[in-house]
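Asks: Sequence:
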Amino acid sequence: MVLQQQWDSEVYQGQFGEFTITDSDRVGVIVYRTSLMIAALSFAIGSGLVLWQPDNPTIVTALTPLYGLFCVALGVSLATIHIYLAPLHRLLQLFWGIGTISAGVFAIQSSEPLALFVYNQPVTLFGIGFVFVALTGIYFKEAFCFNRFETKLLTPLVPVLLLGHLVNMLPATAEQMILGLWTVLFLVFAVRKAMQPIPPDIGDKSVFAYLKQQRAAQS
Numbered sequence: 001m002v003l004q005q006q007w008d009s010e011v012y013q014g015q016f017g018e019f020t021i022t023d024s025d026r027v028g029v030i031v032y033r034t035s036l037m038i039a040a041l042s043f044a045i046g047s048g049l050v051l052w053q054p055d056n057p058t059i060v061t062a063l064t065p066l067y068g069l070f071c072v073a074l075g076v077s078l079a080t081i082h083i084y085l086a087p088l089h090r091l092l093q094l095f096w097g098i099g100t101i102s103a104g105v106f107a108i109q110s111s112e113p114l115a116l117f118v119y120n121q122p123v124t125l126f127g128i129g130f131v132f133v134a135l136t137g138i139y140f141k142e143a144f145c146f147n148r149f150e151t152k153l154l155t156p157l158v159p160v161l162l163l164g165h166l167v168n169m170l171p172a173t174a175e176q177m178i179l180g181l182w183t184v185l186f187l188v189f190a191v192r193k194a195m196q197p198i199p200p201d202i203g204d205k206s207v208f209a210y211l212k213q214q215r216a217a218q219s
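In full-length UniProt numbering, the protein residues as written are 1 to 219.
Hints are computed from structural coordinates only; laboratory data are not their basis.
Keep in mind that the hints are not guaranteed to be accurate.
[As the list claims (entries may be wrong)] Heads up, simulated DSBU-like pairs for lysine-lysine below, C-alpha to C-alpha not over 30 Å straight-line: (1) K193 / K141; (2) K193 / K152; (3) K193 / K205.
[Claimed, not checked] Each pair of labels, with its calculated beta carbon distance range: (4) Q218 / P171: 22 to 30 Å; (5) L116 / R26: 37 to 45 Å; (6) Q213 / P122: 43 to 51 Å; (7) Q196 / P122: 33 to 41 Å; (8) R26 / L88: 18 to 26 Å; (9) L51 / T22: 37 to 45 Å; (10) L91 / V31: 17 to 25 Å; (11) L166 / F144: 37 to 45 Å; (12) Q121 / I198: 30 to 38 Å; (13) D55 / M177: 13 to 21 Å; (14) L85 / D23: 22 to 30 Å; (15) P156 / P122: 25 to 33 Å; (16) R26 / P156: 29 to 37 Å.
Cβ coordinates follow ideal geometry from the N, Cα and C atoms, glycine included.
Start from the sequences and build out the full structure, keeping to the hints where you can.
Replies: Structure below.
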C-alpha cells in the first residue's frame, strides 16, 4: 500500500505538462510484457518443433493450437501497448484481426494442418501474414523508442522471411536459419522487456492527453 502511494504521488514532467503514473498504468505494462512473453514462448516452441522434426505429423498438427495461443497473446499485447499515434495503434490491431481471422478460416476449411497448408500455399500469407505485420509493428515501435538491437534486426528480418517464402526466393536452409534467428531474437526481446523499468513503457502521458484533446477539438 505504501509502495502504491509512492507510485501515485510521483510526478513526472512531460512535454505538455506534469503527470503521474498510477497502479493501473503499471498493471497495463505488466500485462503487455506478460503477453509478449507468452507470444515469444509459444512461437519459440512451435519453431523449435518445426526445426527439430519438420516431417512429424503429430508435431505439425500441434502447431495449430500453439499458433492460436501466439495470436491471442499478441492480441493482448496490441491492446495494452502504449503508442502515441492512435491511428497507427488501430491499424496494427486491424492487421492482427485480419491475420487472425484468416488463420481461423484456413484452419477450418483446410484438410491439412494449418502450418502445412500455409507453407504449401504461400499465397495464404496475403491473409495470415497480417498477424506478422502487426508483430513487426511492435518490433519497429520498440526499436524506435528504446533503440534495442534485437528489434532493429527483427524489423527487417520478418518481412525478408515471409516475402522470401512468398516469392520462392529463399532455399529451405536459409528459411530455417532465418526462422531460428527470429526465434532467438524474439526471446531476447521478451526477456529484456521483462527486466526493463516500467515507467518508460508507459511513456509521456502528457502527450496522450494532448493528442486526446486535439482529437476532441477537431471533432
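Asks: With reference to the structure, classify each hint as holding or not holding.
Replies: Evaluated hints:
Simply put, K193 and K141 have alpha-carbon atoms about 13 Å apart, close enough for the 30 Å limit, and the pair holds. Restraint check: the Cα-Cα separation between K193 and K152 comes to about 15 Å, which is no more than 30 Å; the hinted pair holds. For a cut-off of 30 Å, the pair hint linking K193 to K205 stands: about 20 Å separates their Cα positions. Between Q218 and P171 the CB atoms are about 51 Å apart, so this pair departs from the stated range of 22 to 30 Å.
Against the hinted window of 37 to 45 Å, the Cβ-Cβ separation of L116 and R26 comes to about 42 Å, which satisfies the hint. A C-beta distance of roughly 46 Å is found between Q213 and P122, which places it inside the suggested range of 43 to 51 Å. Taken as a hint, the range 33 to 41 Å holds for the pair Q196 and P122, whose Cβ atoms sit roughly 36 Å apart. A hinted range of 18 to 26 Å holds for the C-beta pair R26 and L88, which are about 24 Å apart.
Separated by about 43 Å at the C-beta atoms, L51 and T22 satisfy the suggested range of 37 to 45 Å. In this structure the hint that L91 and V31 lie 17 to 25 Å apart at CB holds, the actual value being about 21 Å. Checked against the given bound of 37 to 45 Å, the beta carbons of L166 and F144, roughly 26 Å apart, lie outside it. The supplied range of 30 to 38 Å is broken by Q121 and I198, whose beta-carbon atoms lie about 42 Å from each other.
Checked against the given bound of 13 to 21 Å, the beta carbons of D55 and M177, roughly 18 Å apart, stay inside it. Distance hint check for L85 and D23: the Cβ-Cβ separation is about 26 Å, which falls inside the suggested range of 22 to 30 Å. Distance hint check: the CB atoms of P156 and P122 are about 19 Å apart, inconsistent with the given range 25 to 33 Å. Distance hint check for R26 and P156: the Cβ-Cβ separation is about 32 Å, which falls inside the suggested range of 29 to 37 Å.
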